[in-house]
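Student: Residue numbers (the working numbering), protein chains in the order written: chain A, 1 to 338; chain B, 1 to 338; chain C, 1 to 338; chain D, 1 to 338.
It is worth saying that the hints were derived from the structure and are not from the lab.
Just so you know, not all the hints are guaranteed correct.
No copy is singled out in the list; a pair is fine if it fits within one copy or between any two copies.
List of simulated lysine to any residue pairs, SDA-like, C-alpha gap at most 25 Å [stated by the list, open to error]:
(1) Lys77 <-> Thr66
(2) Lys152 <-> Leu331
(3) Lys276 <-> Asn248
(4) Lys77 <-> Ala120
(5) Lys152 <-> Arg36
(6) Lys67 <-> Ser135
(7) Lys195 <-> Arg74
(8) Lys67 <-> Leu333
(9) Lys276 <-> Glu304
(10) Lys276 <-> Gly43
(11) Lys276 <-> Glu75
Each chain, written out:
Number of protein chains: 4
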Amino acid sequence: MLVVMSRNASQDEIETAVAKIESMGLKPHVIPGSIRTAIGITGNTGPIEPGILEGMPGVRDVIRVTKPYKLVSREMKKEDTRIEVGNVAIGGASFVVIAGPCAVESESQAFQIAEKVKAAGATLFRGGAFKPRTSPYSFQGLGEEGLKILQKIREEFDLPVVTEAIDVESVGLVEQYADVIQVGARNMQNFSLLKRVGRSSRPVLLKRGMSATVEELLMSAEYILSEGNYRVILCERGVRTFADHTRNTLDLSAVPAVKELSHLPILADPSHGTGKRDKVLPMALAGMAAGADGLMIEVHIDPERALSDGPQSLYPDQFVRLMESLRRLALALDKTLA
Amino acid sequence: MLVVMSRNASQDEIETAVAKIESMGLKPHVIPGSIRTAIGITGNTGPIEPGILEGMPGVRDVIRVTKPYKLVSREMKKEDTRIEVGNVAIGGASFVVIAGPCAVESESQAFQIAEKVKAAGATLFRGGAFKPRTSPYSFQGLGEEGLKILQKIREEFDLPVVTEAIDVESVGLVEQYADVIQVGARNMQNFSLLKRVGRSSRPVLLKRGMSATVEELLMSAEYILSEGNYRVILCERGVRTFADHTRNTLDLSAVPAVKELSHLPILADPSHGTGKRDKVLPMALAGMAAGADGLMIEVHIDPERALSDGPQSLYPDQFVRLMESLRRLALALDKTLA
Amino acid sequence: MLVVMSRNASQDEIETAVAKIESMGLKPHVIPGSIRTAIGITGNTGPIEPGILEGMPGVRDVIRVTKPYKLVSREMKKEDTRIEVGNVAIGGASFVVIAGPCAVESESQAFQIAEKVKAAGATLFRGGAFKPRTSPYSFQGLGEEGLKILQKIREEFDLPVVTEAIDVESVGLVEQYADVIQVGARNMQNFSLLKRVGRSSRPVLLKRGMSATVEELLMSAEYILSEGNYRVILCERGVRTFADHTRNTLDLSAVPAVKELSHLPILADPSHGTGKRDKVLPMALAGMAAGADGLMIEVHIDPERALSDGPQSLYPDQFVRLMESLRRLALALDKTLA
Amino acid sequence: MLVVMSRNASQDEIETAVAKIESMGLKPHVIPGSIRTAIGITGNTGPIEPGILEGMPGVRDVIRVTKPYKLVSREMKKEDTRIEVGNVAIGGASFVVIAGPCAVESESQAFQIAEKVKAAGATLFRGGAFKPRTSPYSFQGLGEEGLKILQKIREEFDLPVVTEAIDVESVGLVEQYADVIQVGARNMQNFSLLKRVGRSSRPVLLKRGMSATVEELLMSAEYILSEGNYRVILCERGVRTFADHTRNTLDLSAVPAVKELSHLPILADPSHGTGKRDKVLPMALAGMAAGADGLMIEVHIDPERALSDGPQSLYPDQFVRLMESLRRLALALDKTLA
């Protein structure tokens with residue numbers, strides 16, 4: 001259910017409506033818009049009688065939401081959501097590029113890569129400190145030490161950092177050091193983790209699961225919003241199919257599909273989406289052309305010796321060329337590289 | 001690396017080998033067999049020099065393990081693993097049937113179902129107290145109250161109970177009340193949860209993820225064994241494909257594939273695997289014929305009003321007929337219904 | 001549209017109804033049943049006004065068929081279709097085993113295999129004379145020479161033979177020599193071929209396409225029936241998924257799905273369905289338990305030197321053991337091995 | 001095997017080499033290049049002894065081809081293949097747009113659409129006269145009447161036309177009227193049809209099958225080239241996956257994958273690739289950005305009443321906007337709209 005306030009509803013009227021909703025045992029979500037404020041309602045088990053709310057002062061309309069997700073839907077909020085991270089805005093007209101290694105391996109490795117990607121124009125830095133690995137015997141990340149390196153990178157290069165929290169336990173540490181908390185593809189339906197980051201004050205970058213439908217992706221985002229954190233960035237990173245020329249099948253049509261159904265920004269990750277260095281550039285350009293709000297790109301100074309995902313990491317000079325191509329393409333698409 | 005002791009190696013010799021392995025900074029896993037003892041070694045980042053161990057008293061052989069998983073592999077342990085739960089053994093010649101509702105909804109609902117499935121011959125009872133749900137607005141289970149109902153069922157009907165832990169936090173409660181901890185398909189690669197149940201004293205039922213390969217399933221089991229819990233039961237429950245005549249595609253060939261690669265028992269879940277009541281019986285029989293060590297079957301007294309997964313739950317009398325068919329089939333396959 | 005005649009409708013009344021349907025520019029398909037006759041109607045582009053037919057003598061009922069397929073549906077014909085091939089019946093209570101090499105390579109190879117599979121109890125012989133191959137440079141079959149070898153096998157061993165027609169051109173030759181014309185998975189939607197075999201007097205074995213839904217399989221069968229050939233045998237042979245432990249994913253749930261929707265018999269092909277010799281036996285048993293009307297099994301005397309599909313061909317003694325297991329299983333399932 | 005002639009090899013020397021290859025019972029394929037000529041060799045069942053050819057006058061090098069496909073591979077021919085159709089070249093720096101209805105429904109319908117797409121800048125016209133349909137009861141196309149309409153369109157609007165041949169029988173008619181023969185996704189492995197169009201003098205547009213790997217697509221193209229027709233244009237049109245927000249999953253990474261492995265041009269078809277009108281524009285731009293040599297776009301003047309594929313057909317004004325966006329994008333990508 002969505003309560004749409006009139007354009008000139010007073011703060012008082014909004015608060016009265018909120019109190020009324022709470023008194024009905026429901027949960028109000030105030031969604032300020034540029035023109036008017038709306039209040040999403042969750043927590044109901046069956047349909048709500050709209051009559052009680054319709055007659056209240058300042059209330060213009062009470063609308064039933066027909067999708068299984070509510071807070072993330074365009075029905076609830078027409079305008080694109082813009083999420084500010086430091087000086088950067090994700091969503092809307094700007095286009096962000098998040099770049100860095102799959103995993104933070106050492107201060108020296110991370111600093112060298114950060115210097116290169118910053119110079120080439122990356123807007124945010126990525127690097128895993130906690131790594132979810134298929135094998136218990138693979139490198140599992142540097143943990144808090146990695147987070148400290150990321151903090152230094154933010155300070156040294158003025159780059160906001162994105163890093164993954166792999167479980168409820170690690171969220172506390174990650175939100176202490178990082179600007180954006182990533183929830184990985186394997187955790188897209190780790191509902192306890194979603195609820196926990198839903199109570200964080202940090203924006204969340206939520207990656208699509210390997211065999212998740214677009215609706216399931218939006219439902220997982222809904223978990224985060226329903227806990228009060230409205231700053232969610234989605235990310236298409238490839239799905240698992242029979243096709244074997246790439247590691248995953250990058251499903252770029254998810255970008256316009258999400259844009260139609262939801263107001264949340266969505267990025268494309270051609271590095272995981274293809275798993276092959278020489279496919280990253282064409283699929284990055286394709287991602288921008290399909291309408292994504294930005295890209296996640298893996299870059300490594302020495303991919304052959306990377307502790308994870310080497311084959312899909314760009315060499316720094318490939319990343320420079322990618323940024324140049326993106327800049328040209330952005331002009332043709334009326335986008336601004338952040 | 002696997003250290004195979006000679007048939008008549010003394011307890012002392014085994015302990016000396018274990019101590020030697022630990023002194024090398026590695027982790028020994030003692031695997032007693034009916035004829036001889038083997039010691040699996042994990043924790044190495046590169047290859048280990050076999051020479052040091054080969055010459056030790058009581059050591060017959062030192063073998064390199066070629067699979068990415070070690071402790072779960074047949075290379076490490078030739079004989080089928082049998083896991084005892086109460087009076088029941090899972091694995092080997094016996095065939096178990098775990099039956100019950102998708103979710104514990106009330107004491108009355110659970111008791112009525114338990115009575116029916118016990119009478120029909122079920123060996124264990126299943127029922128979710130914590131439910132991972134795609135939507136944050138769906139019924140999320142009764143939590144600890146549900147676990148208490150399960151405990152009463154065990155006492156009243158002498159049925160060991162299986163129930164899911166959906167996150168690290170809930171494991172403590174679940175292991176307090178349940179006989180077997182289930183890790184669901186969506187959590188198959190929730191590595192923190194795998195490590196936590198790897199430190200539990202309860203057996204773990206690990207379901208295959210929706211788009212997991214058999215190798216990934218075994219790697220996830222390896223996470224649990226590598227923490228010291230060797231009592232893992234695998235479960236095929238259908239994978240996600242384009243096919244739309246069933247909810248998932250039950251991939252029964254995973255059963256012989258697992259049997260070839262691993263010593264762990266594997267069950268089939270035709271309820272989730274098909275999502276349709278009228279496909280459960282034929283696919284349950286097919287699961288037994290394919291060599292599964294048992295089945296997980298959803299049964300509900302009132303499927304139309306079930307709070308989750310109603311369309312795939314059998315009516316009690318359908319379950320009675322299923323058990324009769326299984327009994328006849330077991331004879332032809334030299335299996336014993338536990 | 002389906003016209004159901006009354007139990008005691010005379011032949012005259014049936015013919016009058018047929019004539020009436022033809023006079024409306026539509027195509028009648030007379031479907032004799034054990035109790036009453038029905039007449040399927042195809043050829044309409046929109047709905048037909050039932051009134052005209054309802055009042056005719058001998059007509060009991062006029063029913064709209066709601067599925068996109070008509071002639072193949074259970075709505076049209078409730079009883080299982082039995083298809084007689086020589087002395088063998090496919091469908092109903094009997095269970096057939098079609099065995100032989102992937103391709104006929106020489107008279108000596110085919111005869112040796114035929115002798116083995118006949119002795120072990122196979123009901124029909126299979127062997128490709130025309131082979132659809134992914135590469136233009138692979139062995140494409142012996143052509144008519146292969147068909148002549150198959151004819152000799154039928155005469156020598158009293159085994160009806162099944163062989164593939166790969167295009168409209170080859171149907172004429174194939175129907176001259178073979179008892180059953182196979183349409184392969186790659187040709188499941190070769191509609192010109194379907195129409196052509198629909199005008200043949202031979203039964204057709206139609207294999208499910210690699211990414212065909214069950215509905216599409218039934219629609220392809222409908223093409224054959226709509227041309228007048230009602231003797232169609234379906235076959236599940238595995239679909240293409242991400243799973244890599246088998247060559248294809250044998251989707252046995254297609255068996256009960258087809259049984260529910262259609263009166264046509266359906267076989268399972270665990271050889272193509274798994275692509276691995278050691279998975280054939282368990283999946284063959286699973287196919288029988290799932291309710292299939294028979295199996296297609298590849299057997300070769302020298303699989304290592306087979307010109308195609310060697311890795312999935314059974315050794316003759318494996319086939320003997322398979323037949324023994326099937327015989328035991330059949331007893332438990334009230335089936336009779338044909 | 002590939003015989004590379006020296007830059008200044010005479011026509012005589014080339015013919016001598018060809019004759020030598022033929023005398024060895026093999027099939028030579030002369031591939032003229034801008035700098036030198038190469039001769040592909042097929043027809044060998046095992047490896048060829050290179051010695052005999054290496055010593056011949058004018059022969060610079062004899063190279064073993066390591067891929068299962070030969071004539072289509074980059075190993076065989078480094079430069080991109082350009083295929084001339086009327087005044088249009090497909091492949092290389094130019095970018096083509098093939099537009100028109102799914103099916104030719106009438107002269108009036110086809111002419112109205114042709115006028116619109118020509119005015120908007122389409123380079124070729126598409127329209128089906130023979131339609132492969134899942135159901136035998138769906139509109140199957142106008143047949144030769146449709147081909148005649150296409151011929152008139154070419155004359156009236158100076159637009160080369162592309163239309164599908166659905167079987168060997170229809171190729172003769174199609175090549176009489178059309179400029180490019182299309183082989184549809186369902187026929188990608190109809191090897192008889194591939195061989196037949198391989199003997200045509202018309203270029204062939206070969207669409208990727210619904211569950212075909214990139215290697216299988218190239219092998220199917222190899223069938224055509226091996227018969228002597230080197231003018232093959234590939235087309236990515238979406239593959240079948242679990243994803244349900246689009247009709248198929250448009251796998252744009254197939255574009256750079258094909259470009260790496262083969263010299264043949266490849267188009268993208270976002271109409272079939274998404275099945276939804278509002279996804280066509282973003283995915284068309286993405287296709288161009290990913291490096292495709294052109295697009296196939298379905299346009300209809302009255303999609304609601306289209307006899308097939310209405311929901312994915314653009315309205316004419318949407319096509320105008322698409323062409324404008326493509327023109328801007330082409331500038332940024334150094335492409336020229338043909």
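Student: Are the hints correct? Go through all of them and say.
Tutor: Consistency of the hints with the structure:
1. In this homomeric assembly, Lys77 and Thr66 come within 25 Å of each other (Cα to Cα) only inside a single copy, at 14 Å, whereas the closest approach across copies is 40 Å.
2. With identical chains, the CA atoms of Lys152 and Leu331 are never at most 25 Å apart, being 33 Å at best within one copy and 41 Å at best between copies.
3. Proximity of Lys276 and Asn248 under a CA criterion of 25 Å is satisfied in both settings, with 10 Å inside one chain copy and 23 Å between copies.
4. For the identical chains of this complex, Lys77 and Ala120 are neighbours neither inside a copy (35 Å) nor across copies (35 Å), given an alpha-carbon limit of 25 Å.
5. Within a single copy, Lys152 and Arg36 get their C-alpha atoms no closer than 41 Å, and across copies no closer than 54 Å, so neither meets the 25 Å cut-off.
6. Taking the shortest Cα distances, Lys67 and Ser135 sit within 25 Å of each other only across copies (11 Å), while inside one copy they are farther apart (38 Å).
7. Only within a single protomer do Lys195 and Arg74 lie at most 25 Å apart by alpha-carbon distance; the minimum there is 22 Å, versus 40 Å between protomers.
8. Taking the shortest alpha-carbon separations for Lys67 and Leu333, neither the intra-copy value of 31 Å nor the inter-copy value of 39 Å comes in at or below 25 Å.
9. Proximity of Lys276 and Glu304 under a CA criterion of 25 Å is satisfied intra-copy only: 13 Å inside one chain copy versus 35 Å between copies.
10. Taking CA atoms no more than 25 Å apart as the test, Lys276 paired with Gly43 passes in neither setting, with 44 Å inside one copy and 30 Å between copies.
11. Proximity of Lys276 to Glu75 under the C-alpha cut-off of 25 Å is restricted to the inter-copy arrangement: shortest distance 20 Å between copies versus 38 Å within a copy.
In summary, the structure is inconsistent with hints 2, 4, 5, 8 and 10 from the numbered list given earlier, while agreeing with the others.
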